[in-house]
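Protein chains in written order, with this note's numbering: chain A, 1 to 204; chain B, 205 to 395.
Straight-line Cα separation of at most 25 Å, DSS-like style, residue types lysine-lysine; simulated pairs:
1) B:232 / A:73
2) B:261 / A:73
3) A:33 / B:223
4) A:33 / B:236
5) A:33 / B:232
6) B:261 / A:33
7) A:73 / A:33
8) B:223 / A:73
9) B:389 / A:33
Pairwise CB distance ranges, derived in the manner of DEER restraints:
10) B:391 / A:92: 42 to 48 Å
11) A:107 / B:265: 55 to 61 Å
12) B:352 / A:19: 23 to 29 Å
Partial selection, computed: residues in chain B whose CB lies under 8 Å from chain A:
13) 210
14) 222
15) 228
16) 259
17) 391
FYI, nobody ran anything at the bench for these hints, they're computed from the structure. Using N, Cα and C, we set each Cβ at its ideal position, and we do this for glycine too.
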Amino acid sequence: MNDALREQISAYADGELPEQEAELLLRRLEQDKSLRDLLASHMAVGRAMRSEPEVSGIGNLRDRISTALADEKPFNLGAKTPVANRYVKPFAGVAIAASVAVLALVGFQQTTDSNVRTPTAGATAVAQVNNEPAVYTVPAPATESGTPSGRLQSYYVRHGESALASGVNGIRSRLVSFELRENELIDRESELERLESDQPDSGK
Amino acid sequence: MTDSATDAQLVRRVQQGEKGAFDLLVLKYQHKIVSLVMRYVRDADLALDITQEAFLKAYRALPRFRGESAFYTWLYRIAVNTAKNHLAAQRRRPMDVELDLQDPEQYDIHANLKDIDTPEAVSMSNELNKIVMNAMEALPDDLRTAIILRELDGMTYEEIAETMDCPVGTVRSRIFRARDAIAKKIDGLLD
Numbered sequence: 001m002n003d004a005l006r007e008q009i010s011a012y013a014d015g016e017l018p019e020q021e022a023e024l025l026l027r028r029l030e031q032d033k034s035l036r037d038l039l040a041s042h043m044a045v046g047r048a049m050r051s052e053p054e055v056s057g058i059g060n061l062r063d064r065i066s067t068a069l070a071d072e073k074p075f076n077l078g079a080k081t082p083v084a085n086r087y088v089k090p091f092a093g094v095a096i097a098a099s100v101a102v103l104a105l106v107g108f109q110q111t112t113d114s115n116v117r118t119p120t121a122g123a124t125a126v127a128q129v130n131n132e133p134a135v136y137t138v139p140a141p142a143t144e145s146g147t148p149s150g151r152l153q154s155y156y157v158r159h160g161e162s163a164l165a166s167g168v169n170g171i172r173s174r175l176v177s178f179e180l181r182e183n184e185l186i187d188r189e190s191e192l193e194r195l196e197s198d199q200p201d202s203g204k
Numbered sequence: 205m206t207d208s209a210t211d212a213q214l215v216r217r218v219q220q221g222e223k224g225a226f227d228l229l230v231l232k233y234q235h236k237i238v239s240l241v242m243r244y245v246r247d248a249d250l251a252l253d254i255t256q257e258a259f260l261k262a263y264r265a266l267p268r269f270r271g272e273s274a275f276y277t278w279l280y281r282i283a284v285n286t287a288k289n290h291l292a293a294q295r296r297r298p299m300d301v302e303l304d305l306q307d308p309e310q311y312d313i314h315a316n317l318k319d320i321d322t323p324e325a326v327s328m329s330n331e332l333n334k335i336v337m338n339a340m341e342a343l344p345d346d347l348r349t350a351i352i353l354r355e356l357d358g359m360t361y362e363e364i365a366e367t368m369d370c371p372v373g374t375v376r377s378r379i380f381r382a383r384d385a386i387a388k389k390i391d392g393l394l395d
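Please model the entire structure based on the sequences and the hints provided.
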């Protein structure tokens, strides 16, 4: 037992220990009977100095009470169950670590996917996760240049046509007609219209 | 941390199953309760038995203690009732019937104890006083002043620091060293 701890106990006996220190010391005192005995001896000094009368046999009273309470079941009001804590805490730590790892993996995968844009990457991931044969073929995303695949393009066109036929100016159709070229958004619809209008002339 | 805050924390810890916290409460209040009980019964052994019973009752009732009153007030009432019940069982009257013992604030805990000291207890007390006085005289001036201001004059550390013109941390250290030196001298004399 070091002097700093004994000094803390002395200050606690006087009610002069700062709150932060007192809380920690109280827990140590609860756990360690030898610390409580030291506290008792510090309190006895004050009584002896003040010549307070001691009732013969009072020094054993604490032990008598402790012995009488030894067989009593400790209360458990509003307490976190120590057993549960003992097992839950490490598992909670592992679970948090695992979650972070999964998030990091998913994040990394998404970053990789968006950078590489390999058509098969998504399908492979799906097949690996499900551990079943992939029955769904992921449509090939846009190529590096930002041009949609032929299948996707035809879908956009059909969607746009049906939207126009139903009198709706499809915003999505309009949006997907933009294409990223050398970090610039090019309106493909306007460009197609311009090309179409240009073609007869060039054919002449 | 105030006295009542410390008690409330200890009570919570007992309610959560920490028996060591109850030992701290016993340590803190055992002398007060024994002195209180001795207002009802003259016999020291009987007073200790009743005090023990009061503490056991308090422990068993702690799950129902909601902190609406201070722990000591609650414990005080349990002790008074335990002593009264004991006297009722013996069909005797308490010694200090004129006092309102239901009120812990009105009660001077050491008022009548000297009247009921046995010759052995008086002799023991005199011996203890002599040892304590010698131990105090052997202390360096600054330690002796600090412990006297604290234990006999009841000053706070801050007041002592002001009186002695030194930091509070120094006061804390001086009181500890003085107390430690005296405790070593009287250790073994107190049972």
